[in-house]
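Could you build the full structure based on these sequences and the hints that come with them?
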Amino acid sequence: MREDAMNWNREKSPAGHSAGQGQQGQQGQWITPYFRAYSGRFALYLILGTLTILAASMLMFTSGFLISKSSLQPYNILLVYVPIVGIRAFGIGRAVIHYVERLVGHDAVLRILSKMRVRLYNILEPQALFIRSRYRAGDILGVLADDIEQLQNVYIRTVFPSLVAVIIYGIAVIALGQFDWLFALLVAGYIFILVAVLPYISLMLTRRTNAEVKRERNGLYQKLTDAVMGIGDWVVSGRPAEFLESYEHDEDVVARKERKLRAWARWRSLIGQLVVGIAVLSMIYWSGGQAAAGQIDPVLIAAFVLVVFPLADAFLPLSEAIERTPQYQESLRRLDRITQPALVRSMDTVVDGTHAELALHQQRVAAVLAAAQAMDVHLELQGVSFAYEAERNTQKEREQKVAQTAERAKENGREQKNHNQKVAQTAAEGILYSVRDVSLNLPQGKRVMVIGRSGAGKSTLLKLIQGAISPVEGSVLINGVPAAHLGDDISKVISVLNQSPHLFDTTVANNIRLGRQSATEEELGLAVQQAQLDGLIATLPAGLDTPMRETGQRFSGGERQRVALARILLQDAPVLVLDEPTVGLDPRTERELLSTIFRSTEGKTLVWVTHHLVGAEMMDEIVFMEHGEILMRGTHEELLAREPRYRSLYALDRPEDIGQICTVATIEDESC
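Numbered according to my numbering, the sequence shown spans residues 2 to 673.
Please note that the accuracy of each hint is not assured.
[Stated by the list, open to error] Below 16 Å or equal to it, Euclidean Cα-Cα: the simulated EDC-like pairs (lysine to aspartate or glutamate) are:
no.	residue 1	residue 2
1	447	381
2	261	321
3	224	243
4	464	581
5	447	217
6	261	217
7	447	377
8	447	618
9	224	246
10	464	580
11	464	490
[Said to hold, decoys possible] Each pair of labels, with its calculated beta carbon distance range:
no.	residue 1	residue 2	range
12	44	266	45 to 55 Å
13	290	197	20 to 30 Å
14	505	240	38 to 48 Å
15	266	481	53 to 63 Å
16	546	247	40 to 50 Å
17	240	275	48 to 58 Å
18	257	489	52 to 62 Å
19	247	600	42 to 52 Å
20	41	90	20 to 30 Å
21	178	220	45 to 55 Å
22	600	518	37 to 47 Å
23	186	227	50 to 60 Å
24	42	122	22 to 32 Å
Rather than coming from a laboratory, the hints here were simulated on the basis of the structure.
Just so it is clear, CB atoms sit at the ideal spot from N, CA and C, and this is done for glycine as well.
Structure below.
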């Protein structure tokens with residue numbers, strides 16, 4: 002699927018396209034390819050749109066002629082019979098042509114909208130494993146519900162009305178020039194105000210406000226989805242009214258700006274109508290003069306005047322159409338941001354390279370997957386740093402961070418010059434790095450514990466290892482291949498057991514088979530046995546076919562974690578990431594689950610993120626993180642021997658082992 006998406010993007014991109022071509026070039030990939038794909042329908046739509054305006058103009062022209070001619074009481078009814086037939090023909094023709102125009106236009110636009118949605122899905126689907134870590138739910142909702150819908154208006158409300166108006170502009174000026182070129186130039190000036198000057202002024206006055214409205218409405222999507230996901234907490238805390246008040250306040254901010262836009266729209270409409278009014282008065286004056294001079298028949302005065310109105314209908318909407326372009330640009334920027342994630346950006350040289358480069362990349366990925374099947378994976382982090390773009394520190398926060406780090410270094414009784422220099426450098430840059438200059442070497446079978454307080458960068462480190470995000474500095478390599486390049490194949494290399502794995506409302510067997518759908522009954526039974534679920538399964542009324550109920554409500558927390566463990570054991574990936582899987586479990590259940598995990602994952606690489614030091618003695622290496630950096634590292638015994646802070650933490654977490662701590666600690670250590 003991922004290769005299909007890559008190939009789709011490659012086919013739709015113009016030759017030579019690369020990431021360096023800039024934002025505008027990327028945005029064009031959501032608009033211009035469909036002009037070529039539907040050029041026939043669009044050409045027909047353009048012709049029909051032009052004919053609609055011409056039919057309306059001829060209807061009014063003929064009506065004006067007929068009214069004037071009838072007022073002179075013609076001596077023969079046949080003199081007005083032809084105009085009557087013309088009015089019927091143009092009236093019916095206008096309605097029919099307009100209907101077919103709308104039919105053709107909307108058919109093309111809805112086809113394009115369908116392809117856009119499929120394209121967006123093909124881009125997002127390969128990132129399904131990491132989509133929650135890359136984007137907020139409100140961003141995805143905004144793109145799916147609003148931004149894609151906005152793009153259909155680019156064609157039907159902006160591009161083609163503008164092209165029709167330009168064509169009608171030329172036809173009107175040329176037609177009027179057959180009678181008087183000087184007056185035709187004057188009318189051309191009036192029309193130029195409507196099709197160019199007024200839209201430009203309108204765009205300049207509303208560009209910023211339109212962009213702000215679009216961004217703030219997207220912010221409402223984010224706030225709403227965040228509130229919906231946390232609605233239980235709002236209700237339990239007795240604060241739903243507070244949320245509604247906050248949300249309505251944000252809506253009022255958007256509404257005020259939209260009212261400002263509507264106020265300008267009224268002024269813009271008034272200005273446009275004044276220009277049309279002046280054009281009508283000029284037409285009356287000119288046609289009267291032409292009739293007095295004998296250049297035209299007096300019955301044509303009303304015809305020339307009335308034809309102004311349908312022509313004005315073609316020109317007046319242009320200001321609103323051009324005014325919408327900032328909203329389209331904002332939607333395109335959001336689409337580019339969503340559909341060009343770190344994964345795609347990191348692969349630009351592969352996707353846009355030659356067939357040989359693409360084949361080489363596929364060979365390297367295939368080699369990694371073969372090594373994963375052989376349980377021979379080498380995971381390496383080389384000087385990895387990562388910072389979220391939106392995160393900035395104030396000067397006060399930077400100073401506090403440096404002071405706190407220096408104080409902690411003093412308390413530890415160690416000179417941490419390098420550490421302090423890095424923190425000071427980070428503070429000076431004004432960037433809050435979630436992970437800074439982290440290096441890890443994990444050959445197959447190594448077990449590493451990552452500890453640290455909340456916000457130390459542990460979760461971000463796991464996302465980097467899984468390829469969910471790409472480092473801004475350094476590299477995360479799996480057998481020499483960047484982790485982000487593996488895409489959804491990363492699940493064949495790395496499996497994850499987190500704090501609250503989702504269990505579906507289906508049978509126990511189906512939940513476990515999620516790890517590998519093709520697993521045999523024997524493999525399923527082995528995974529159940531390794532996770533020590535066989536005793537539990539024996540007590541269930543239907544064994545493995547017992548329904549788990551929604552989110553696994555039938556089972557306790559420890560039992561749910563064992564089902565999730567059986568799932569990843571069936572997945573049989575060579576690298577296992579444990580993201581605090583024992584949070585919320587009682588100490589006895591925690592120890593039993595950890596014992597099962599360590600026993601059943603023998604030979605696998607283990608990266609265990611935790612706040613507790615239970616099981617630390619079973620790790621090959623312990624990494625302590627603070628402010629995104631590795632503050633200390635080593636085996637359990639090494640850290641007990643040389644790090645007073647680690648001894649203190651271990652004493653707090655494992656008070657029953659205080660004797661072991663004091664055996665390896667110095668007699669002066671306060672923890673003893």
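Hints and how they fare:
no. : hint                  : verdict
1   : 447 / 381             : 12 Å, holds
2   : 261 / 321             : 14 Å, holds
3   : 224 / 243             : 13 Å, holds
4   : 464 / 581             : 14 Å, holds
5   : 447 / 217             : 48 Å, violated
6   : 261 / 217             : 15 Å, holds
7   : 447 / 377             : 11 Å, holds
8   : 447 / 618             : 14 Å, holds
9   : 224 / 246             : 13 Å, holds
10  : 464 / 580             : 11 Å, holds
11  : 464 / 490             : 15 Å, holds
12  : 44 / 266: 45 to 55 Å  : 32 Å, violated
13  : 290 / 197: 20 to 30 Å : 28 Å, holds
14  : 505 / 240: 38 to 48 Å : 32 Å, violated
15  : 266 / 481: 53 to 63 Å : 59 Å, holds
16  : 546 / 247: 40 to 50 Å : 47 Å, holds
17  : 240 / 275: 48 to 58 Å : 52 Å, holds
18  : 257 / 489: 52 to 62 Å : 44 Å, violated
19  : 247 / 600: 42 to 52 Å : 50 Å, holds
20  : 41 / 90: 20 to 30 Å   : 28 Å, holds
21  : 178 / 220: 45 to 55 Å : 52 Å, holds
22  : 600 / 518: 37 to 47 Å : 26 Å, violated
23  : 186 / 227: 50 to 60 Å : 59 Å, holds
24  : 42 / 122: 22 to 32 Å  : 24 Å, holds
Hint check: violations occur at hints 5, 12, 14, 18 and 22; the rest are consistent with the structure.
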